[in-house]
Amino acid sequence: MSPRAGNAGPHTLAFVESPVQLLNVLEWAHAHAPGVGLTLVVLSPVDPMTRGQLRRMSDLARDEGHQVRWEEARGGPLAPFQTIGGLSGLLRRARRVVLGDPFSRYVQLLLTITRARDLVVVDDGTATMEFVGQLARGERLVRWHRKGGRPGPRDVVFAPVSASARRRLTPGERRHIEIFSSMPMEETPAGVAVSANTFAWTRTRFGPPRITKGADMVGTSLVETGVVDDGRYLEAVHTLAKAHGATRYFAHRRERTDKLHRLAAATGLEIVRPELPLELIARRGPIGRTVLSFPSTVVHTLPLALAGTEVRVAVCDIDPAWLTENASPRAQGFLSGVTGTARDVHRLSPTAPTAAPNPANPANPANTASPSDPTGPAPFSATPPSAGLVGPAAS
475 MSPRAGNAGP
485 HTLAFVESPV
495 QLLNVLEWAH
505 AHAPGVGLTL
515 VVLSPVDPMT
525 RGQLRRMSDL
535 ARDEGHQVRW
545 EEARGGPLAP
555 FQTIGGLSGL
565 LRRARRVVLG
575 DPFSRYVQLL
585 LTITRARDLV
595 VVDDGTATME
605 FVGQLARGER
615 LVRWHRKGGR
625 PGPRDVVFAP
635 VSASARRRLT
645 PGERRHIEIF
655 SSMPMEETPA
665 GVAVSANTFA
675 WTRTRFGPPR
685 ITKGADMVGT
695 SLVETGVVDD
705 GRYLEAVHTL
715 AKAHGATRYF
725 AHRRERTDKL
735 HRLAAATGLE
745 IVRPELPLEL
755 IARRGPIGRT
765 VLSFPSTVVH
775 TLPLALAGTE
785 VRVAVCDIDP
795 AWLTENASPR
805 AQGFLSGVTG
815 TARDVHRLSP
825 TAPTAAPNPA
835 NPANPANTAS
845 PSDPTGPAPF
855 SATPPSAGLV
865 GPAAS
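Throughout, the numbering used here is defined as the position within the sequence shown, counted from one, plus 474.
Worth double-checking, as some hints may not be accurate.
As the list claims (entries may be wrong) - List of simulated lysine-lysine pairs, DSSO-like, C-alpha gap at most 30 Å: (1) K733 <-> K716; (2) K687 <-> K716; (3) K687 <-> K733.
Simulated from the structure, these hints should not be mistaken for lab results.
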């Protein structure tokens with residue numbers, strides 16, 4: 475164990491289900507508990523890309539002196555019972571619980587067991603904005619992209635657990651609630667302590683990055699969550715990349731492989747599957763002088779992670795015409811809010827494609843991949859040469 479970790483143990487227990495949540499737990503520990511180790515429980519998902527990033531982030535957590543407990547929480551029908559049973563002792567002894575996704579049914583179930591008086595919610599991306607608003611208004615916890623209407627059968631069955639979790643996340647005489655976030659907070663629940671995540675650990679641990687002259691694009695899972703139409707998204711990426719001379723596309727961990735292959739063939743972009751959260755990849759470099767994004771978490775986090783560099787983050791609004799018929803009625807307003815509240819970013823308006831991409835026609839100019847192969851599809855790589863590197867900050 476690292477000597478700077480202090481006495482690692484069950485006093486502070488953290489639960490994460492995504493690489494971004496784990497990153498933000500490390501940021502919270504750096505800001506609020508320097509030199510004190512914690513026990514970090516990874517409730518592993520089944521998605522291979524997410525698991526891979528979580529493995530790499532777990533290595534970083536161990537390097538910082540924290541104990542990591544990997545749970546195959548979704549490894550079969552009995553896995554949830556085995557996981558919860560194995561964690562019950564730790565939960566009852568913990569004085570503080572740190573969690574990354576208050577919307578997670580797994581986490582909500584675990585909250586019914588803990589006796590901890592201190593609860594800390596760290597960022598799970600833009601969902602944190604919605605969580606804070608719902609908590610302030612006393613609403614039930616529902617993810618923003620879920621379609622409005624009556625709850626489904628599973629929602630009804632789980633409603634008592636969700637209600638109990640919401641009560642435990644409400645401050646009281648014997649319960650302290652903290653939100654550690656880089657997201658803007660328009661509504662702050664009464665009695666909740668809010669502290670800013672400035673990505674100080676990321677800037678200390680990595681970089682400064684080497685900056686290239688071109689532009690990079692950041693992918694989004696809005697298609698996979700049913701919010702944005704697949705074809706419209708491909709057209710928007712093509713138009714944005716052509717207008718700004720982008721060469722690389724950093725895929726979101728949830729983006730489907732078939733969609734990414736079509737995107738590469740249609741746009742000529744090199745598709746990169748990062749092995750770490752983008753904040754760390756960008757901070758280590760190399761990274762384009764301009765980073766293009768649609769409304770997502772990174773329009774808030776990248777300016778913080780890249781503070782002090784010359785990198786410009788530009789965000790393109792989502793045109794209402796891009797939304798699917800199944801998109802939640804709240805989707806447009808929420809996405810507009812994500813963009814409108816972002817600091818230190820350049821805002822781009824959605825525009826019609828100048829030349830619609832055609833994956834089936836390699837002769838289409840949009841399919842130009844590289845000078846060495848002007849007619850073939852763009853490269854599809856797992857990670858750029860330096861994207862997966864993990865090491866100390868450059869001297």
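Now for the hints, and whether the structure bears them out:
A distance of roughly 19 Å separates the Cα atoms of K733 and K716; the hinted pair therefore holds under the 30 Å criterion. Distance hint between K687 and K716 is fulfilled; the C-alpha atoms sit about 15 Å from each other, no more than 30 Å. Between K687 and K733 the CA atoms are separated by roughly 28 Å; this keeps the pair inside 30 Å, and the hint holds.
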